[in-house]
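From first to last, the protein sequence lines are chains A and U.
Each residue of the first sequence is one higher than the one before, starting from 1 at the first, in UniProt numbering.
Each residue of the second sequence is one higher than the one before, starting from 1 at the first, in UniProt numbering.
For the record, the hints were derived by calculation from the structure and aren't laboratory data.
Treat each hint with caution, since some may be false.
Covered stretches of chain U, as calculated for chain A (at least 3 residues, CB under 8 Å) [unchecked claim]:
id, segment
1, 302-314
2, 341-353
3, 393-400
Examples of chain A residues lying across from chain U (beta carbon under 10 Å, computed) [what the hints assert, rightly or not]:
id, residue
4, G9
5, D10
6, T20
7, S28
8, L29
9, E35
10, T52
11, L54
12, P176
13, H180
14, E195
15, A286
16, I287
17, K302
18, V316
Note that the Cβ used here is the ideal one computed from N, Cα and C, for glycine as well.
2 protein chains.
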Amino acid sequence: MRATIVTIGDEILIGQIVDTNSAFIAKSLDRIGVEISEMISISDDKSHIVNTFLALQNKVDLVIITGGLGPTKDDVTKKTFCDYFEDELVVDAAVLAHVTQLIEGFYKREITQINKDQALVPSKCTVLHNQVGTAPGMWMKKENTVFISLPGVPYEMKYLVENEIIPKVVREYERPYIMHKTILTYGQGESMVAERIEDWENDLPDFLKLAYLPSPGRVRLRLSARGTDKEMLERVIEERVASLDAIIHDIIVGFEDEDTIDVMIGKMLKKQGKTIATAESCTGGAIASLLAATAGASAYFKGSVVSYATEAKIDVLGIPDALIKKHTVVSAEVVSAMALSAKRLMKTDYAIATTGNAGPTKGEVNAEIGAVFIALATPTEVIVEEHNFGQPREKVIDRAVFSSLELLRKEILKNVL
Amino acid sequence: MRATIVTIGDEILIGQIVDTNSAFIAKSLDRIGVEISEMISISDDKSHIVNTFLALQNKVDLVIITGGLGPTKDDVTKKTFCDYFEDELVVDAAVLAHVTQLIEGFYKREITQINKDQALVPSKCTVLHNQVGTAPGMWMKKENTVFISLPGVPYEMKYLVENEIIPKVVREYERPYIMHKTILTYGQGESMVAERIEDWENDLPDFLKLAYLPSPGRVRLRLSARGTDKEMLERVIEERVASLDAIIHDIIVGFEDEDTIDVMIGKMLKKQGKTIATAESCTGGAIASLLAATAGASAYFKGSVVSYATEAKIDVLGIPDALIKKHTVVSAEVVSAMALSAKRLMKTDYAIATTGNAGPTKGEVNAEIGAVFIALATPTEVIVEEHNFGQPREKVIDRAVFSSLELLRKEILKNVL
Numbered sequence: 001m002r003a004t005i006v007t008i009g010d011e012i013l014i015g016q017i018v019d020t021n022s023a024f025i026a027k028s029l030d031r032i033g034v035e036i037s038e039m040i041s042i043s044d045d046k047s048h049i050v051n052t053f054l055a056l057q058n059k060v061d062l063v064i065i066t067g068g069l070g071p072t073k074d075d076v077t078k079k080t081f082c083d084y085f086e087d088e089l090v091v092d093a094a095v096l097a098h099v100t101q102l103i104e105g106f107y108k109r110e111i112t113q114i115n116k117d118q119a120l121v122p123s124k125c126t127v128l129h130n131q132v133g134t135a136p137g138m139w140m141k142k143e144n145t146v147f148i149s150l151p152g153v154p155y156e157m158k159y160l161v162e163n164e165i166i167p168k169v170v171r172e173y174e175r176p177y178i179m180h181k182t183i184l185t186y187g188q189g190e191s192m193v194a195e196r197i198e199d200w201e202n203d204l205p206d207f208l209k210l211a212y213l214p215s216p217g218r219v220r221l222r223l224s225a226r227g228t229d230k231e232m233l234e235r236v237i238e239e240r241v242a243s244l245d246a247i248i249h250d251i252i253v254g255f256e257d258e259d260t261i262d263v264m265i266g267k268m269l270k271k272q273g274k275t276i277a278t279a280e281s282c283t284g285g286a287i288a289s290l291l292a293a294t295a296g297a298s299a300y301f302k303g304s305v306v307s308y309a310t311e312a313k314i315d316v317l318g319i320p321d322a323l324i325k326k327h328t329v330v331s332a333e334v335v336s337a338m339a340l341s342a343k344r345l346m347k348t349d350y351a352i353a354t355t356g357n358a359g360p361t362k363g364e365v366n367a368e369i370g371a372v373f374i375a376l377a378t379p380t381e382v383i384v385e386e387h388n389f390g391q392p393r394e395k396v397i398d399r400a401v402f403s404s405l406e407l408l409r410k411e412i413l414k415n416v417l
Numbered sequence: 001m002r003a004t005i006v007t008i009g010d011e012i013l014i015g016q017i018v019d020t021n022s023a024f025i026a027k028s029l030d031r032i033g034v035e036i037s038e039m040i041s042i043s044d045d046k047s048h049i050v051n052t053f054l055a056l057q058n059k060v061d062l063v064i065i066t067g068g069l070g071p072t073k074d075d076v077t078k079k080t081f082c083d084y085f086e087d088e089l090v091v092d093a094a095v096l097a098h099v100t101q102l103i104e105g106f107y108k109r110e111i112t113q114i115n116k117d118q119a120l121v122p123s124k125c126t127v128l129h130n131q132v133g134t135a136p137g138m139w140m141k142k143e144n145t146v147f148i149s150l151p152g153v154p155y156e157m158k159y160l161v162e163n164e165i166i167p168k169v170v171r172e173y174e175r176p177y178i179m180h181k182t183i184l185t186y187g188q189g190e191s192m193v194a195e196r197i198e199d200w201e202n203d204l205p206d207f208l209k210l211a212y213l214p215s216p217g218r219v220r221l222r223l224s225a226r227g228t229d230k231e232m233l234e235r236v237i238e239e240r241v242a243s244l245d246a247i248i249h250d251i252i253v254g255f256e257d258e259d260t261i262d263v264m265i266g267k268m269l270k271k272q273g274k275t276i277a278t279a280e281s282c283t284g285g286a287i288a289s290l291l292a293a294t295a296g297a298s299a300y301f302k303g304s305v306v307s308y309a310t311e312a313k314i315d316v317l318g319i320p321d322a323l324i325k326k327h328t329v330v331s332a333e334v335v336s337a338m339a340l341s342a343k344r345l346m347k348t349d350y351a352i353a354t355t356g357n358a359g360p361t362k363g364e365v366n367a368e369i370g371a372v373f374i375a376l377a378t379p380t381e382v383i384v385e386e387h388n389f390g391q392p393r394e395k396v397i398d399r400a401v402f403s404s405l406e407l408l409r410k411e412i413l414k415n416v417l
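Required output: the full structure, derived from the provided sequences and hints.
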């Protein structure tokens, strides 16, 4: 079973917004065994949309379209659907009732004609109920291909994928089994890892595919298997991961199904009943906001002092002025003091601290561009790492955030063992 | 002049990573008058890549490809280039020298064969020098279409776009003039704005295109013009924006060329010599990290106290326990006290504070899910806003962040006038 994802919107083609919808839809479909053949972004132009539909007709089973369903003139998807399916727009009574309730009942506003027009749908379509917005989803079949239209607003699209599309596809289609296992390695580059596992990789059976996903400082290895015999696939993946672990055990820091590192850390802390705080300079609160983004974070995340200015390090964290004068703000001594201070102030088990120069200039502190010190205060000690993450600024911040989280994860894992 | 952007990578098609490269490339090309016809994401599969190239051959002037240039087995772009152009890989001496210098000189590691293979390029290609990584860019022409291959690592791709591709396209091609003007509105929904400006919109000349870009709580209106007479386009856009401003002056909060609101706020604060701090609960440091992400932020951003736990509000911000007991942590009184405390602790001119319940459960504070209080302490007063941002969690956090920044911008603008 194959699907293509089509996003419609001039704002995507001029680079004004990043398309995050496609990745969400792809991940949701992949999980139930639907293969994504392509993702395509096209303009809000009727003939462009129709030509894209024609090219996909009978080539794939599903075409999932996002965008172009809003109430304004630049949104043309609904009219184009009518043209393509030789259909006409009719008022759907259930959608109209829902839109009226949302506008008048929840937002306490008078309903306008433009609001009411949201209830217009092609007469032949199956309406997908959008509980969290006014634009409904639409499901229409032509020959061997189903075309599904969804609003572009991310949380509305997500609601419809999770509550309408996935259940309907699972009910109505037979699908193969797709399995991924991601192995997280840390500390060696892509080419170094590739050399070490070359023989292992060459020996993989045909139905297993290996991919390298490098990021600054870490490489994720993704093994993918596809087939109908679920148990066999699981067994083979397990065996191959074990033989891989025997080769590069020193750099493997964990496994990932779908969790990102911040979510994994949250789960581990919650399980252990431990708490965390941060004291951030060059990362500016990015570690804190990642930790706080997960639902239920209040069980383990207490807070952060973002001491961006030197004064804030002195006034809020209580770092002695003399210590800063002696070692400068970008130093092992200051970052240790920051971590200890955050741990004490926020009364936590762990605290992460960062200080460095993300660039693009040397600035008043006169530290090398890219130089970052990371400290982790644990219940028993303070661990300090010194890095040079090079340039540019966004890379330095990104690497500082993820190196901090990797350090934290490794330490939490130690305490599990 | 038209271009198509092609991203290669199975990790994109299974939704493991979000493609941010395409938006960057699109924005860079749009600025110099190159129109993006489509963006396509495809798998690391030779025949899929070749079929995509065949479909684009002579249809567009430029095809910009990212991904598939790494040193490992899952990366096939370079070999596919050779097939498509009937060419063979040869060692490029300059690239080899650069790779050797980077690995041995900067990373202080022994160079491996896999590293050396990065210097293999198709013999007919023009090499684009990648100063910040080991995989070079490649520029190859076939008939009327140029195919450009770039590494998928974002900062390497950015380096090559900014330093190699844009200058080369500007030198070698004639392009039309493209102009966008984005008007930021705040406080009314898309359909409401559309009704108010309907007559104005219907009266726009054909070469002007209007798009609505709605986000929770705000709508950006983008006017785009394309043509050869730069002065005429600029004049017409200016006139139309002025007539729009006369209609919806009450909801227009600013104009945007390419700056996002956090960058704009930074510029305004820097210009006025004013400083900012934050005290964040439900936003968890997201406002601070946005402010700190901009180069030069230390001129105006002093720091933040992320007081996620109630104890942190008491211990670090010094909010009286009695005040919290009387009004609860999600209240106008507590958020005001947080803003004033951050302003005092960090010695700034402005301070933003947030407190609320982002969900998904009511939690210990028993506040409504979606309820958020925002306070802005200015040099002369404290302004408090009460919101209910509904659900889900990510929407609540996102709206709290941007509503805070909008409030701050409006206040800073007042002080300019």
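Hint check results:
| no. | hint | in the structure |
| --- | --- | --- |
| 1 | 302-314 | holds (count 10) |
| 2 | 341-353 | holds (count 3) |
| 3 | 393-400 | holds (count 4) |
| 4 | G9 | holds (8 Å) |
| 5 | D10 | holds (6 Å) |
| 6 | T20 | holds (5 Å) |
| 7 | S28 | holds (7 Å) |
| 8 | L29 | holds (8 Å) |
| 9 | E35 | holds (8 Å) |
| 10 | T52 | holds (8 Å) |
| 11 | L54 | violated (13 Å) |
| 12 | P176 | violated (14 Å) |
| 13 | H180 | holds (7 Å) |
| 14 | E195 | holds (6 Å) |
| 15 | A286 | holds (4 Å) |
| 16 | I287 | holds (8 Å) |
| 17 | K302 | holds (4 Å) |
| 18 | V316 | holds (5 Å) |
The structure does not agree with the numbered hints 11, 12 stated previously, though it agrees with the rest.
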